[in-house]
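Visitor: Sequence:
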Amino acid sequence: MSMEKIDFGEVFRTTQTDRQARFLIVCEHASNRIPADLNNLGLSDEAVQSHVAWDPGALGVAQALLQALPSVLVEGAVSRLVYDCNRPPEALSAIPEQSEIYAIAGNAGLSQADRDLRADHVYRPFARAITQQIETHRETLELMVTVHSFTPVFNGRERAVEIGILHGEDQSFAQAMMAHQPAGAAYDIRMNEPYDASDGVAHTLDVQGARHGLRNVMIEIRNDLIQTPDQQERMGAFLADWIQVAFAAHKAQEGAA
Numbered sequence: 034m035s036m037e038k039i040d041f042g043e044v045f046r047t048t049q050t051d052r053q054a055r056f057l058i059v060c061e062h063a064s065n066r067i068p069a070d071l072n073n074l075g076l077s078d079e080a081v082q083s084h085v086a087w088d089p090g091a092l093g094v095a096q097a098l099l100q101a102l103p104s105v106l107v108e109g110a111v112s113r114l115v116y117d118c119n120r121p122p123e124a125l126s127a128i129p130e131q132s133e134i135y136a137i138a139g140n141a142g143l144s145q146a147d148r149d150l151r152a153d154h155v156y157r158p159f160a161r162a163i164t165q166q167i168e169t170h171r172e173t174l175e176l177m178v179t180v181h182s183f184t185p186v187f188n189g190r191e192r193a194v195e196i197g198i199l200h201g202e203d204q205s206f207a208q209a210m211m212a213h214q215p216a217g218a219a220y221d222i223r224m225n226e227p228y229d230a231s232d233g234v235a236h237t238l239d240v241q242g243a244r245h246g247l248r249n250v251m252i253e254i255r256n257d258l259i260q261t262p263d264q265q266e267r268m269g270a271f272l273a274d275w276i277q278v279a280f281a282a283h284k285a286q287e288g289a290a
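Heads up: the sequence shown begins at 34 in the numbering used here, then just goes up one per residue.
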């Protein structure tokens, strides 16, 4: 089917809980929805439900943060296999032909025109939505937090890390979070694991956060810890408390500098 005839539907959603939003929460991989016209990109239903198509549990955590903090949430509403909104259009990984063990037949051999159309229909509207929120809340917005999840086993290798704190060009708030971990936290927490900026994961942090002068951090959560709504709410509450403590300390340090 010609890309021009594909109905991509809603590609992002924005939710706000406070007019004086201080925190911008972004969940790029919130959805595994593949537009019907793309026929599941040739994948089985099992593959579409797996972590290759989205970040399971991440949206529930992002929504819990939204309720706990004066914030606004921008979430992706299309599978990252259609277009990964945490990648720029020039990155091959923005529309992957392979993801872990899965070959993505519907992404194989796309022309540059087809890739551009996906970027135009998915990535650019999503990116504009984030930029618009930054501009709308310029007077109050202080921090951007992107929320992701990762699989416990990747390419046959188990991952011990449970929460990753990641940064791009601006590492200051990630360092503040690592320096102010909650006492007695029962999680294996590590900096820049299971990914780091060299894997291309800092795109939103750098383009939307650092370049707009906004403090920023990415939080990666192992998805076996956030499978149920209760787990997602508990993780969101844990992270909200941690973020606020780290933010207060970071802001005080900036003021003293």
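Accuracy of the hints is not assured; some may be wrong.
[To be verified] Restraint ranges, calculated between C-beta atoms of paired labels, are given here:
no.	residue 1	residue 2	range
1	Glu172	Ala281	26 to 36 Å
2	Lys38	Glu133	43 to 53 Å
3	Pro121	Ser77	26 to 36 Å
4	Gly233	Ala193	37 to 47 Å
5	Gln82	Leu125	32 to 42 Å
6	Arg192	Thr169	34 to 44 Å
7	Asp147	Ala289	45 to 55 Å
8	Glu172	Gly142	40 to 50 Å
9	Asp257	Glu202	43 to 53 Å
Don't read these hints as lab results, they were simulated from the structure. Built from N, CA and C at the ideal position, the CB exists for glycine as well.
Visitor: Confirm or reject each hint.
Guide: Hint by hint, here is what the structure shows:
Checked against the given bound of 26 to 36 Å, the beta carbons of glutamate 172 and alanine 281, roughly 20 Å apart, lie outside it. At roughly 30 Å, the beta-carbon separation of lysine 38 and glutamate 133 lies outside the given 43 to 53 Å, and the hint is violated. Between proline 121 and serine 77, the C-beta spacing of about 29 Å keeps the proposed range 26 to 36 Å intact. Take glycine 233 and alanine 193: their Cβ atoms lie about 23 Å apart, and the range 37 to 47 Å is violated.
For the pair glutamine 82 and leucine 125, the supplied restraint of 32 to 42 Å is violated, since their beta-carbon distance comes to about 25 Å. A beta carbon spacing of about 37 Å between arginine 192 and threonine 169 agrees with the range 34 to 44 Å that was offered as a hint. The given range of 45 to 55 Å is respected by aspartate 147 and alanine 289, whose C-beta atoms sit roughly 53 Å from each other. Look at glutamate 172 against glycine 142: about 48 Å separates their beta carbons, and that is inside 40 to 50 Å.
For aspartate 257 paired with glutamate 202, a C-beta distance near 31 Å fails the hint of 43 to 53 Å.
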